[in-house]
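Asker: Work out the full structure: start from the sequences and follow the hints.
Okay, here's what each chain looks like letter by letter:
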Amino acid sequence: MKPPVYLDHAATTPVDARVAARMTEVLTDPRWFGNSASDSHDYGEAAATLIEQARVQVANAVQADPREVVWTSGATESNNLAIWGVAQYYRDRGRHIITARTEHKAVLDPCRELERRGWSVTYLAPDRGGRLDPAQIKAALRADSVLVSVMHVNNEIGVIQDIAAIAAICTQHGAWLHVDAAQSVGKCALDFAACGADLMSLSAHKVYGPKGVGALLVSRSRAPTIQLAPLQSGGGQEGGMRAGTLATHQVVGMGAAFELAAVSWRADAERIAQLQQRLWRGLSAIGGVLRNGDPLHTVPHLLNVSFEGVEGESLLAAVRSEIAVSTGSACTSATAEPSYVLRALGRDERLSESSLRFGLGRTSCEADIDAAISVLEREVRRLRRIAGT
Amino acid sequence: MKPPVYLDHAATTPVDARVAARMTEVLTDPRWFGNSASDSHDYGEAAATLIEQARVQVANAVQADPREVVWTSGATESNNLAIWGVAQYYRDRGRHIITARTEHKAVLDPCRELERRGWSVTYLAPDRGGRLDPAQIKAALRADSVLVSVMHVNNEIGVIQDIAAIAAICTQHGAWLHVDAAQSVGKCALDFAACGADLMSLSAHKVYGPKGVGALLVSRSRAPTIQLAPLQSGGGQEGGMRAGTLATHQVVGMGAAFELAAVSWRADAERIAQLQQRLWRGLSAIGGVLRNGDPLHTVPHLLNVSFEGVEGESLLAAVRSEIAVSTGSACTSATAEPSYVLRALGRDERLSESSLRFGLGRTSCEADIDAAISVLEREVRRLRRIAGT
Amino acid sequence: MKYSELTRRYFESATRAGTLPDAFRGAAGQREQGTWVQFDVQINAAAIADARFLAFGCPHTLAVAAWLAETSVGTPLRRDMAESAAALRERFAVPVEKLGRLLIVEDAWRAALSAAIDSAAPDPMSGEGRVKDA
Amino acid sequence: MKYSELTRRYFESATRAGTLPDAFRGAAGQREQGTWVQFDVQINAAAIADARFLAFGCPHTLAVAAWLAETSVGTPLRRDMAESAAALRERFAVPVEKLGRLLIVEDAWRAALSAAIDSAAPDPMSGEGRVKDA
Ligand SMILES: Cc1ncc(COP(=O)(O)O)c(C=O)c1O
Ligand SMILES: Cc1ncc(COP(=O)(O)O)c(C=O)c1O
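Going down the list, the sequences are from chains Y, V, P and H.
Take 1 as the starting number for the first sequence in the working numbering and just add one per residue.
Take 390 as the starting number for the second sequence in the working numbering and just add one per residue.
Take 779 as the starting number for the third sequence in the working numbering and just add one per residue.
Take 913 as the starting number for the fourth sequence in the working numbering and just add one per residue.
No lab work stands behind these hints: they were computed from the structure.
Heads up, some of the hints might be wrong.
Unchecked claim - List of simulated lysine-lysine pairs, DSSO-like, C-alpha gap at most 30 Å:
hint, chain 1, residue 1, chain 2, residue 2
1, V, Lys494, H, Lys914
2, V, Lys391, H, Lys914
3, V, Lys494, V, Lys527
4, P, Lys780, Y, Lys2
5, Y, Lys138, Y, Lys105
6, P, Lys780, Y, Lys105
Note that the structure is a prediction, hence the values are computed from the model and not measured.
Answerer: Below, the structure is given as structure tokens:
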């Protein structure tokens, strides 16, 4: 049986063959297995050199200073480190945080936990297209606001927030700005230096790099520089901000993936924009298909649509042998909550549940798109007939 | 030039070729790149299957239940998760923690941080051989003691603590026991179920697996079962105890490495014990060489010795082109603190600094040992002559 | 979510999805709540001559409704389903959290059959629940 | 820690490590504190005829002491080192935190040379700091 067409690149991407080859080299070459913290011998120093090279690659890909890169195990950790790190370090300066309802769980969950511990959190509601108005941030800022956390590209709907405008407001007010940019690299322009964010979360596996490695960019351009309480300590790695033996092959993989993304993202994005258009044209022709998220401010890699008159779990069951996509019903059990992101955009429960997220990527081609359109056309019609809708 | 003989297996080990091959397969095979959290398609489910298989491998290697395995990014994270997790979850039950002065920094640093936040920590002093007397734990336990954290095998001197005896005391008293076993797997018998620990930290890269992946074992055998506040949340992976996209290739690598260790550790340990004896015989013949740590209770993989009459940094500089070892002067700058572990054993500053840790491993052979003895004989004599000692 | 072979088969084929003219109809649930089921049954003397279903819901709901419609044809009229909701849950390996959905299927079925039975005696052609034009 | 080529060379060769008979001796530092240096100088008229050093310390300490002993031979007697500690720090690329160690080298050197100079005038063979038997 033919494997399903993979259209879930926003969940994860296959590792680029060049990245995998480089990782394998590092994993197997006896010169590079040392612990980069071992400065008492060449094995350790060779590993440290590789890590510093990768740090430059990642920094260059996002216009950061290599010294601003703190390696982590992924964007989940980066988000937690940013939020906990600022909250704890500046606990005596203030305990108010501002974020948005459409943020990733790795931002929302730490915020909820901080609320339980006495912090206060404002969850801004985006407009129906998923965008925040920077004026909302301005209005929400209080004397005790220490942190604003707003994502760059939303992982469900692809909507891009105006980070530069938000950063200007935060700087003026003296609050730190954290940006979850896990979905940005390789999909749109990203300039850490220019955008004005103080902290930025990155992940390798969304950009054809390995799972289990990411970074938190910690700006050095503001004075005084931002400080963080570490999430994990003991060993002093990463300037005390993130202890733990660095995984050389992982970090090298992230560096290679980011370097490739920096080279190819523009061409990728143009090609993928055409695929996305083709997909949307095909799907909207089915009728009763609603697009989620403001199409004027989204990355081309994501298309999120709701299908009227079909039930979410059945929709997924009907198509999953042919296409691999993500659904608005996070889990397919009866207790599934429909996507909180779509709910925040004002979609009702049914339309939130009957949504599919198409994540296009480097491997996607026209044939994939046409296959997706054809199975959806067939199955949406069939389910609507069965549902009498 | 010949590369230095690697005798720093306690810092890290090369990835076993079979493990690396398996990881490369997972990294490159298009069936397995999915995000294991994606239950809406087969790519995700295939990855989840691999992860569950690896969970069984790790559990089997240490006599745990697969459901007790929580994947982490390494033992540093496992230690932090154990200590912060228990401290925060049981904060209302008590805020006293007991540990030892010879623990790894990834235990001591979180304890220090908890002290800053109002917890109280007892740091037990081991005897001159590096061993704790379980009676010390008993004496230190208070009504508000929630956690005891004692490592199994010490990473600097290889000394093994009597975990079962300590566990019995903790259970009786109703305090949780965390055991850092990062240095144990593949080196000595380790039985999570039998030893009575509630939490156990593991790391892959000390056992010929990849860097950047580890586990925290969380016992399910006590009632009520132990609970932890997560260090990083958002995504719900690992039963809510550790959020973040799982790195399939990493976890598979750890599973494979642990399976191999379970098969070969006994034979490895016997062979390595002979090498260790050979090394100690050769070094002690130099004269003025002191062994650190109780030789009756150590793993054979570690030999830690202090050289009288030579200065630590010069000793290292003199031998590092020929052997890769770790030194008691953690860093070779002027501000280096000599090993706190050796200091805790009562060694003076000079002897702590002039110590070398030999970490023997699967790749070690007699020629390596003889090379080490010969360079040390030559250089220790030379430095002593220069020092007039 | 994994579905049993049987669930998959009925979900995919969905034989007898649709409506019938001159049939008794029963429905339950609400699309807005996520599950809605409707049965049309044509009767012939004291037996079910034909049956159709419509369903908005999860694969289990669709499969069970499809199965009921298919297997009921030719069976005598009775208000209850041929098998209890609990038995159907086992037959289709439905997770226990979804029992409520099977009860909606049951309600729809009983409504259709009750309409048929209650109106069967005097004048089957004018009873409540009678579909004039489907 | 990376050492400069020069540091490495003098650390490894450590030419003139040792002691001299009938020499003036100066020492500074303490082994227990991590750094100890001793110089022996033999003089001939107003010049250094020969010099030896002993040192317990880091590679920089050993290298600088070795270099001083070597390059001083044939130079006129003076209390100061041929180069200041600061200049030596640059020459050997010694990290700034280690300046204190170079000052110990300097102290030892000055002690040896002072002994030589102070005893040179009247009766070089009976001055303080004179090594009778090395
Ligand atoms: C916006 C966003 N933030 C954070 C994450 C978490 O990143 P990771 O998978 O590297 O933990 C993801 C992906 O799951 C994401 O899409
Ligand atoms: C005893 C001990 N605990 C914890 C660690 C940290 O483990 P990891 O390198 O996986 O973060 C190490 C190794 O550095 C160790 O030896």
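Asker: Now, for every hint given, state plainly whether the structure supports it.
Answerer: Results for each hint:
no.	hint	verdict
1	V/Lys494 x H/Lys914	holds (26 Å)
2	V/Lys391 x H/Lys914	holds (19 Å)
3	V/Lys494 x V/Lys527	holds (23 Å)
4	P/Lys780 x Y/Lys2	holds (19 Å)
5	Y/Lys138 x Y/Lys105	holds (23 Å)
6	P/Lys780 x Y/Lys105	holds (26 Å)
Of the numbered hints given earlier, the model fails none.
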